[in-house]
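*Asks:* Residue-level listing of the chains:
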Amino acid sequence: MRKALAVITFVLMAASVYAAFVYAPTEPKMGHIQRIFYIHMGTVWVATVAFILVFASSIMYLWKGTRKWDILAYCSAEIGVLFLTITILTGSIWAKPVWGTWWTWDPQLTTTFILWILYIVYLVLRMSAGSDTKKAKFAAVFGIIAFIDLPLVYASVRVMRGISPVVFGPGGGGIAPQMMHALLINLAACSLLFVLLLMERMDLERMGDELMALKTRGG
Amino acid sequence: MKKVWAIIRKDIITELRTKELFTSMLTFSLLVTVIFSFAFGFSTGLVRLAIPAMLWITFTFAGVLGLSRSFALEKEGNAVLGLLLTPTDRSLIYFGKMISNAVFVFIVGMIIVPMFVLFFNLDFLGTLLPLIPVIFLGSVGFVSVGTLFSAMAVNTRLREVLLPILLFPIIIPLIVSAVKLSGLVLEGKPLTEGASALQLLVAFDIIFIAACAVVFEYVIEES
Chain A
646 MRKALAVITF VLMAASVYAA FVYAPTEPKM GHIQRIFYIH MGTVWVATVA FILVFASSIM
706 YLWKGTRKWD ILAYCSAEIG VLFLTITILT GSIWAKPVWG TWWTWDPQLT TTFILWILYI
766 VYLVLRMSAG SDTKKAKFAA VFGIIAFIDL PLVYASVRVM RGISPVVFGP GGGGIAPQMM
826 HALLINLAAC SLLFVLLLME RMDLERMGDE LMALKTRGG
Chain B
79 MKKVWAIIRK DIITELRTKE LFTSMLTFSL LVTVIFSFAF GFSTGLVRLA IPAMLWITFT
139 FAGVLGLSRS FALEKEGNAV LGLLLTPTDR SLIYFGKMIS NAVFVFIVGM IIVPMFVLFF
199 NLDFLGTLLP LIPVIFLGSV GFVSVGTLFS AMAVNTRLRE VLLPILLFPI IIPLIVSAVK
259 LSGLVLEGKP LTEGASALQL LVAFDIIFIA ACAVVFEYVI EES
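As given, the protein sequences belong to chains A and B, one line each in that order.
Count along the first sequence from 1, then add 645; that gives the number in our numbering.
Count along the second sequence from 1, then add 78; that gives the number in our numbering.
Keep in mind that the hints were calculated from the coordinates and are not lab data.
All C-beta atoms in this analysis are idealised placements derived from N, C-alpha and C, irrespective of residue type, glycine included.
Accuracy of the hints is not assured; some may be wrong.
Simulated DEER-style distance windows between Cβ atoms [claimed, not checked]:
(1) B:Arg87 with A:Asp854: 40 to 50 Å
(2) A:Ile762 with B:Gly119: 25 to 35 Å
(3) A:Leu768 with B:Ala157: 40 to 50 Å
(4) A:Ile738 with B:Leu207: 24 to 34 Å
(5) B:Arg95 with A:Lys860: 42 to 52 Å
Cross-link-like lysine-lysine pairs, in silico, DSSO-like; alpha carbons within 30 Å at most [claimed, not checked]:
(6) B:Lys153 with A:Lys648
(7) B:Lys267 with A:Lys779
(8) B:Lys153 with A:Lys709
(9) B:Lys80 with A:Lys648
(10) A:Lys780 with A:Lys674
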């Protein structure tokens with residue numbers, strides 16, 4: 646089952662690379678650099694799902710108190726940070742030729758950046774929290790507070806700039822159907838990769854638990 | 079309500095006897111202000127533009143200093159156990175601690191502003207009076223999350239070091255709107271001109287007081 650998923654993910658990833666670089670037409674205004682858009686969207690989509698998962702499983706953990714929710718929240722946060730890092734990097738690479746700068750403090754970018762920091766802090770908190778239950782509880786509390794903070798962060802960045810963000814889409818006007826296909830394949834591939842990574846990472850965490858249990862029993 | 083008041087009273091009496099929070103927070107604010115003046119090289123034009131930001135940076139840093147003591151004090155001699163043993167709802171402990179923290183931070187804020195007025199030649203009443211609601215809303219929002227995280231941070235290995243790391247990214251919306259509003263005040267404009275910032279500040283306060291009061295019990299249990 647896991648093997649099959651891995652194989653499908655691999656095939657889809659390969660297909661998404663093909664779709665992004667060969668199948669999709671070249672965007673007339675931005676040129677080839679626009680092809681980075683597909684992986685950019687794919688990773689930001691996964692990061693969003695991952696952080697929603699952190700929020701939901703944090704609530705579940707505080708409610709039920711079972712370790713599996715904590716594992717889900719933790720692993721999801723880790724993978725979310727990884728994917729969001731890729732989003733920010735690809736976004737920067739895309740922005741350089743198109744906007745002429747690696748980085749601007751536009752509301753969307755600023756919010757993404759703060760989102761990224763918030764979940765890095767989440768991981769820092771887990772590292773320093775001490776005992777396992779404490780770690781889980783504190784992380785869950787922070788996971789909830791951080792998520793609630795996001796709409797406020799977005800609103801505040803708009804207040805700060807006083808302007809609406811630049812609309813940043815493929816081609817502005819219509820999107821070619823091949824571009825849409827390439828995007829969908831990328832989204833699917835990234836989603837499957839996320840599920841696969843999450844399953845593997847959670848297994849690893851469970852193994853760590855088992856090992857700890859064996860160690861304490863062995864003395 | 080009586081129980082909440084008991085906690086507030088306890089904190090205020092402790093502070094009146096030791097005075098350690100106020101001395102450290104105020105000395106710190108004074109030093110930060112002096113460092114800012116040196117760093118900007120006394121060029122008044124530049125400083126004027128930066129005053130709202132400086133005000134809130136000073137406020138935040140001094141506030142974190144005070145907040146980190148809030149639960150460290152309870153942990154010394156395991157006083158927190160006494161709090162937990164009282165037959166009250168945990169959220170009442172949160173409200174007690176939060177309100178006393180808010181009082182301290184607000185007072186410090188109200189001392190920082192005249193200090194800025196003095197050092198940077200601002201209009202005294204024209205600056206101070208309209209800033210009172212901003213400082214008030216800012217203090218409430220700041221301690222709403224701050225109290226929760228302070229209780230959390232004292233129970234981690236990093237202790238006080240962790241508090242600003244947890245708190246600063248969360249309070250970004252608060253700082254942004256407070257700086258915006260303070261900027262308006264310093265330009266002599268009414269607060270109503272920054273309606274969206276004001277709304278955001280109020281929303282931040284309400285949302286986080288409610289959210290933190292609910293989750294507080296999970297943080298305080300461990301000690």
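*Asks:* Determine for every hint whether it applies to the structure shown.
*Replies:* Verification of the supplied hints:
| no. | hint | result |
| --- | --- | --- |
| 1 | B:Arg87 with A:Asp854: 40 to 50 Å | holds, 45 Å |
| 2 | A:Ile762 with B:Gly119: 25 to 35 Å | holds, 31 Å |
| 3 | A:Leu768 with B:Ala157: 40 to 50 Å | violated, 31 Å |
| 4 | A:Ile738 with B:Leu207: 24 to 34 Å | violated, 50 Å |
| 5 | B:Arg95 with A:Lys860: 42 to 52 Å | holds, 48 Å |
| 6 | B:Lys153 with A:Lys648 | violated, 51 Å |
| 7 | B:Lys267 with A:Lys779 | violated, 48 Å |
| 8 | B:Lys153 with A:Lys709 | holds, 28 Å |
| 9 | B:Lys80 with A:Lys648 | violated, 62 Å |
| 10 | A:Lys780 with A:Lys674 | violated, 49 Å |
Checked against the numbered hints given earlier, the structure breaks hints 3, 4, 6, 7, 9 and 10 and satisfies all the rest.
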